[in-house]
Amino acid sequence: MTGLQKRAIYDLIISAVVLPGLTIIFFSGGGAAAYVHDVTRKILLAVLLGLGYIALLLVLFLVRVKPKDQTVLMDERDERIARQALGTAFVILAIYVVLTCIILYEVYRNRILMPVGWMWFLAYSSSFIAIGSRALLILVFYARTNGHGQG
Amino acid sequence: MAKAEIKNNLRRLRFEHGEMTQQALADKARCTRQTILALEQGKYVPSLSLAFRIARVFGLKIEDVFTYEENS
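Just so you know, the protein sequences line up as chains A and B, in that order.
Counting from 0, one number per residue, gives the positions in the first sequence under numbering that gives the first Met the number 0.
Counting from 0, one number per residue, gives the positions in the second sequence under numbering that gives the first Met the number 0.
Next up, chain A with everything else stripped away, as it sits in the complex:
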């Protein structure tokens, strides 16, 4: 397993924990409208996101293991997969943001005002959707080109 694959697995696990947690906390107790005035939910979300970001930083150090001998941890194929995954994740993120904005527009078009809490949700979820989708795509691209065993 390459360093990039290991990092992708950790990033995916972190995103898989943070994203549902974020959604549950955000939509519980009144949803977006009440979020701005709900201190408990704001603190919970801040703690969850803070832990998520700290975990992502820790992964960087965990994966940066120095090879014992001359073993290469990341080569041109890994870099190509990383580039492809980043490009595709960017498109996924753009689609997510546009779709969310369209939905919010349709829901609130006749109400003039939209709860500002939605901006927080969009910002928080976007960052972890980007990280999670990139990690997932890296693993998918590896699975498409990898075999098993030692020849």
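Don't read these hints as lab results, they were simulated from the structure.
Dumping the calculated SDA-like pairs for lysine to any residue here, alpha-carbon to alpha-carbon at most 20 Å:
1) B:6 x B:40
2) A:41 x A:31
3) B:27 x A:0
4) A:5 x B:22
5) B:27 x A:75
6) B:42 x A:138
7) B:42 x A:143
8) B:42 x A:83
9) B:42 x A:142
10) B:42 x A:141
11) B:60 x B:4
12) B:27 x A:71
13) B:42 x A:0
14) A:5 x A:141
15) B:42 x A:81
16) B:27 x A:2
17) B:42 x A:144
18) B:27 x B:55
19) B:42 x A:140
20) B:42 x A:75
21) B:42 x A:73
22) B:42 x B:22
23) B:6 x A:143
24) B:27 x B:49
25) B:42 x A:139
26) B:27 x A:72
27) B:42 x A:79
28) A:41 x A:122
29) B:6 x A:144
30) B:27 x A:73
31) A:41 x A:19
32) B:42 x A:78
33) B:42 x B:7
34) B:42 x B:20
35) B:6 x A:75
36) A:5 x B:32
37) B:42 x A:82
Calculated Cβ distances over 12 Å to all of chain B for the following chain A residues:
38) 6
39) 8
40) 16
The C-beta atom is built at its ideal place from N, Cα and C for all residues, glycine as well.
Chain B: place on chain A using the hints.
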């Protein structure tokens, strides 16, 4: 339009060179074992730089390791 494929003799060459392992070849060519595996399975086309490094490990010319085939 004709479809082109880059094929290689890596597996055969490894065995002809003292049953060299994928890891040993990867270390000498400065790439990962997974890349050697993908190359042998025809799932990855290497850069020119990597192709030269692999050929050099076996002491061969690049065209003795990699062949370009055009299928119409």
